[in-house]
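Using the sequences and the hints, build the whole thing.
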Amino acid sequence: MIIRKYTENDEQGWLRCRVLSFLNTAYYDNVLKEKEVYENPSIELVAIMDNQVVGLIDIEYEKEPKSVCTTKDSLGGMIWHIAVHPDYQRKGIGEKLLEAAMKEAKELNLTYLEAWTRDDKWVQKWYEKMNFDQTTSYYHMYLEGNEIKTVQLPTRKSFYPVTMFAHYTGTDLEEFENLKRKHLCVCYVRSISYNTY
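In our numbering, the protein residues as written are 98 to 294.
What the hints contain is simulated information worked out from the structure, not anything from laboratory work. All values reported here derive from a predicted model rather than from experimental measurement. No residue lacks a Cβ here, since even glycine has one placed at the ideal position from N, Cα and C. Errors might be hidden in some of the hints.
To be verified - Have a look at the derived ranges for each label pair, beta carbon to beta carbon:
#1 Met261 - Lys169: 43 to 51 Å
#2 Thr233 - Glu131: 26 to 34 Å
#3 Thr104 - Lys203: 22 to 30 Å
#4 Leu250 - Gln109: 15 to 23 Å
#5 Tyr291 - Tyr235: 16 to 24 Å
#6 Ile245 - Thr268: 15 to 23 Å
As the list claims (entries may be wrong) - Subject to a maximum C-alpha distance of 16 Å in a straight line, what follows is the list of computed EDC-like cross-link-like pairs (lysine to aspartate or glutamate):
#7 Lys130 - Asp107
#8 Lys160 - Glu201
#9 Lys132 - Asp170
#10 Lys160 - Glu136
#11 Lys132 - Glu108
#12 Lys279 - Asp216
#13 Lys132 - Asp107
#14 Lys277 - Glu244
#15 Lys102 - Glu201
#16 Lys102 - Glu196
#17 Lys222 - Glu192
#18 Lys226 - Glu196
#19 Lys279 - Asp126
#20 Lys277 - Asp230
#21 Lys277 - Asp216
#22 Lys279 - Asp269
#23 Lys279 - Glu244
#24 Lys130 - Glu108
#25 Lys246 - Glu274
#26 Lys279 - Asp217
#27 Lys163 - Glu136
#28 Lys130 - Asp147
#29 Lys160 - Glu204
#30 Lys160 - Asp170
#31 Lys279 - Glu241
#32 Lys188 - Asp217
#33 Lys246 - Glu204
#34 Lys169 - Asp230
#35 Lys226 - Glu192
#36 Lys218 - Asp230
What follows is the structure, encoded as structure tokens:
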């Protein structure tokens with residue numbers, strides 16, 4: 098396996114790897130048709146095996162604190178994407194991608210990495226195994242059909258939501274107990290240590 102910087106020639110493989118790796122997660126419908134281009138500098142790495150992209154990590158990083166990340170007053174990097182193709186999972190590829198990205202983050206004098214994920218327990222356990230700490234959370238709410246009638250919406254005669262996605266930062270979840278789809282969105286943070294052993 099080779100871990101190297103992402104190039105434009107990797108885009109189709111990057112997209113395929115990401116969509117396939119997300120299929121069995123709470124992000125299954127978060128499909129991209131083209132790779133994002135970041136406003137700020139970024140660390141973008143891919144893992145290559147068998148002449149294909151089998152893993153990826155994208156971290157957009159800050160030049161000014163809190164311009165990308167949300168949790169600390171020092172320079173950090175936001176992990177927007179980390180994914181391993183399902184046929185290559187459980188082989189340590191995600192960990193190797195994170196290690197390579199951490200090395201670059203240290204060279205850039207970043208002090209932490211931040212990642213947001215949903216309520217897939219195996220994903221949360223992976224972040225914890227990688228020494229990330231859970232710091233905060235809120236809910237992603239999806240409302241469809243009659244579910245939309247159960248929440249208070251702005252009243253406009255010409256406004257008829259059919260499907261709705263919302264962030265919920267409150268604590269009264271009983272109000273949403275009948276929603277079929279709601280996900281706890283969890284923030285994990287890992288400090289970057291500059292100690293050498």
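Tested hints:
1. Met261 - Lys169: 43 to 51 Å: Check failed, 32 Å falls outside 43 to 51 Å.
2. Thr233 - Glu131: 26 to 34 Å: Given range 26 to 34 Å: holds, Cβ gap about 30 Å.
3. Thr104 - Lys203: 22 to 30 Å: holds, 23 Å
4. Leu250 - Gln109: 15 to 23 Å: violated, 40 Å
5. Tyr291 - Tyr235: 16 to 24 Å: violated, 31 Å
6. Ile245 - Thr268: 15 to 23 Å: holds, 22 Å
7. Lys130 - Asp107: Holds, at about 14 Å.
8. Lys160 - Glu201: holds, 15 Å
9. Lys132 - Asp170: violated, 29 Å
10. Lys160 - Glu136: holds, 11 Å
11. Lys132 - Glu108: holds, 6 Å
12. Lys279 - Asp216: holds, 9 Å
13. Lys132 - Asp107: Holds: Lys132 and Asp107 sit about 10 Å apart, inside 16 Å.
14. Lys277 - Glu244: The hint holds at about 9 Å.
15. Lys102 - Glu201: Cα-Cα ~11 Å, so holds.
16. Lys102 - Glu196: holds, 14 Å
17. Lys222 - Glu192: Holds: Lys222 and Glu192 sit about 13 Å apart, inside 16 Å.
18. Lys226 - Glu196: holds, 13 Å
19. Lys279 - Asp126: holds, 13 Å
20. Lys277 - Asp230: Given pair Lys277, Asp230 is violated - Cα atoms ~29 Å apart, limit 16 Å.
21. Lys277 - Asp216: Distance of about 14 Å is within 16 Å: holds.
22. Lys279 - Asp269: With Cα atoms ~13 Å apart, Lys279 and Asp269 stay inside 16 Å; holds.
23. Lys279 - Glu244: Satisfied, since the Cα-Cα distance of roughly 12 Å is no more than 16 Å.
24. Lys130 - Glu108: Roughly 10 Å separates the two Cα atoms, so the pair holds.
25. Lys246 - Glu274: holds, 14 Å
26. Lys279 - Asp217: holds, 12 Å
27. Lys163 - Glu136: holds, 14 Å
28. Lys130 - Asp147: Violated, at about 23 Å.
29. Lys160 - Glu204: Status holds; Cα separation ~14 Å.
30. Lys160 - Asp170: holds, 12 Å
31. Lys279 - Glu241: holds, 12 Å
32. Lys188 - Asp217: violated, 19 Å
33. Lys246 - Glu204: violated, 52 Å
34. Lys169 - Asp230: holds, 13 Å
35. Lys226 - Glu192: holds, 10 Å
36. Lys218 - Asp230: Distance of about 14 Å is within 16 Å: holds.
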